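J.: Top to bottom, those sequences are chains A and B.
1 is the number of the first residue of the first sequence in this note's numbering; add one for each residue after it.
1001 is the number of the first residue of the second sequence in this note's numbering; add one for each residue after it.
In silico lysine to aspartate or glutamate, DMTMM-like type, Cα no more than 20 Å apart, as pairs: (1) Lys1446(B) / Glu1362(B); (2) Lys1599(B) / Asp92(A); (3) Lys1373(B) / Asp1450(B); (4) Lys1599(B) / Asp93(A); (5) Lys1172(B) / Glu1148(B).
Label pairs and their calculated CB-CB ranges: (6) Gln58(A) / Val1605(B): 30 to 38 Å; (7) Gly1587(B) / Asp54(A): 51 to 59 Å; (8) Gly1615(B) / Val80(A): 28 to 36 Å; (9) Val73(A) / Ser1593(B): 35 to 43 Å; (10) Val80(A) / Gly1581(B): 57 to 65 Å.
Read the hints as simulated data drawn from the structure, not as lab findings.
Model, not experiment: these values are computed from the prediction.
Every residue gets a Cβ at the ideal spot worked out from N, C-alpha and C, and that includes glycine.
Chain by chain, the residues:
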Amino acid sequence: MDISNYLYLSAILFTIGAVGVVVRRNAIVVFMCVELMLNAANLAFVTFSRINGDLVGQVASFFTMVVAACEVVVGLAIIVTMYRSRRSASIDDASLLKR
Amino acid sequence: MTTSHNLVYLIALPLVSAAILLLLGRIADKWGHLLATLVSASTFAIAAIEFFSMRSRSGAARPAMQDLFTWISVGSFNVHASLLLDQLSICFVLLITGVGTLIHIYSIAYMSHDHDRRRFFAYLNLFVAAMLLLVLGDSYLNLYVGWEGVGLASYLLIGFWNQKPAYAVAAKKAFVANRVGDIGLSLAIMISFAQFGSVSFSGVEAGVPHASKAALTALGAMLLLAAAGKSAQFPLQSWLGDAMAGPTPVSALIHAATMVTAGVYLITRSHFVFDASPTAQTMVLIVGGITLLFGALVGTAKDDIKKALAASTMSQIGYMILATGLGPIGYAFAIMHLLTHGFFKAGMFLGAGSVMHGMNDEVNMRRYGAIGKVMPITAVTFGLGYLAIIGVPPFAGFYSKDKIIETAFNAGGSKGIIVGGAALLGAAITAFYMTRVIVLTFTGTKRWDDQVHPHESPSLMWIPMVILAVGSVASGFLFNSGHALVNWLAPVVNAAGHEEGKALMQPMTVSLLALGVVAVGVSIAILKYRTVPVDAPAGNILTKIVRRDLLQDDFNDRVLVRPGQALTNFFVRMDNSFIDGIVRGVGGIVAVSSTNLRKIQNGYVRSYALIMVVGVLALLTTIWMVTL
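Take these sequences, add in the hints, and give me the full structure.
T.: Here it is as structure tokens:
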């Protein structure tokens, strides 16, 4: 099997994630889409690591996982707080930056 | 050259007095005029002391110097604020302080009903200080300071009653016309600095022999322009008639005896330039000749007594300028006429002021008549001035004016005939218009209203008039006896080179000729003004033109003022539409684009994410296309 198929898969996953971030309103779903994009990137890293025959890409994917874990902690906390204060998890309701 | 320590007081005293009177304000109202008169008298005393000490010295020791301080010191260029009192300046200093003091005394009475008398005297003292600086400066730059100072004082005094808009306009007109002349003086200073590296009189004189003809002609032309502005000579003469808006003592002091003669002083002081440049000298002759006829003609048609005298002043200064254009001997005669003119014209102006004082400030001579009976002293002093100006022997004007006419005829060739003829014609017209003034004012039948009660002026006013009348009678004879003034001025103006003998006409012939044309002028005037209508007759086209000052104002208005205004309006419109358009356009573009750009800041996270995605895609596409 051609190794570049992994890269195509990574690109497709990333696109799905990106589209999801742009089109969905529910904060939880947007969050999941962000995770999907991060993991698409991880897949690309690992694939490149395989192609180049070294471990640099593997190491980078570990870093990404750690960052993603932190992001989940902080992000979910924010979403929960937001939901508590305005009874909605829609990110379009959180447009206070405009003012 | 002698060193003197008193010269600075000549300028400092009146300057300090002017400052005191202006700064103290109403507190000084009670004694301001006395202080100013006292200061003026003390400058005259200093001048007299300096004069006698100068007479006691001889030869090269006569001029006195006082070095005050280094004014400008840049590299090799040094200007000292130094005062120079030589044989030429002492004539002016005595005239300014002497006539100035008399006019201060006269003004105490003349201005006694004016609640702003203190301010008037402050300006008079300011004028005296500036005028003395003008004649005492030892370089063109020092002279320039005084030159501007007298311009300022003249402006302030013409517009002294500036609550009347016409008077304020007259002051502005005088200032602007003077400014045109001042450009000439500043250009002359720049030329002499560029050519000779010096702006002092002695420095320029030393450099003249090595300078090119063209540079000297340009320098002479610029000096002449300056003189024309200050001395109301053609083509900058139009301001002098309007300057009569000022109080009459001002007209007597500034616009007859002293300030307007500054141009003659400038040319005489710069004689080395004109001696070296025949072209510049011819220009001086032309300007003087035109102005003496121009002023005389204007004088024939004026019904306002002060304007008639102003036109006469213009014409008499034309004589002086003409004389300065005649070479070394002419300078001395120009100064002689200047001094005698200072006496008789100031005297006549004070006489006119005295008449106005008694006639409720009426200036129209057609409403005078038979004033000689009620104001005998004024009539006699004015009459003596009149005899002096038309040149009847042995009065002052006879000596000074005949000398100028004679020198003009002897200038040689067709130039001599033309210039001499103009001077002779001018003498005839002078006799006509001055006789007209006398006949209209002092003789004939009374034409004033019954509620006017003319009376002789107080003694504070007639005493100065009497003193000036004595000067009008005797000064010419004194200056001329044994060529006193010519010999006195000879070291300054190099008159020693004058040759007698190749004269076109003998002095006797010239005098008889001049007396002949004067008699003609007087007779015509007496015959013509036997009866005087109170309202001026319509007159023919020539009379109308002369009444309008030979159309000088119309000419200036059409040719200079209106195109100038049109140009200004054009630039204002350019500024408003074009320049402002650019500035406002730039601001507008920024405002519109920021309004539009603000719309993408909508606060929705999803749209920010979309913009980021689109941006990344655009970036990647660009990189891909570049590397392809």
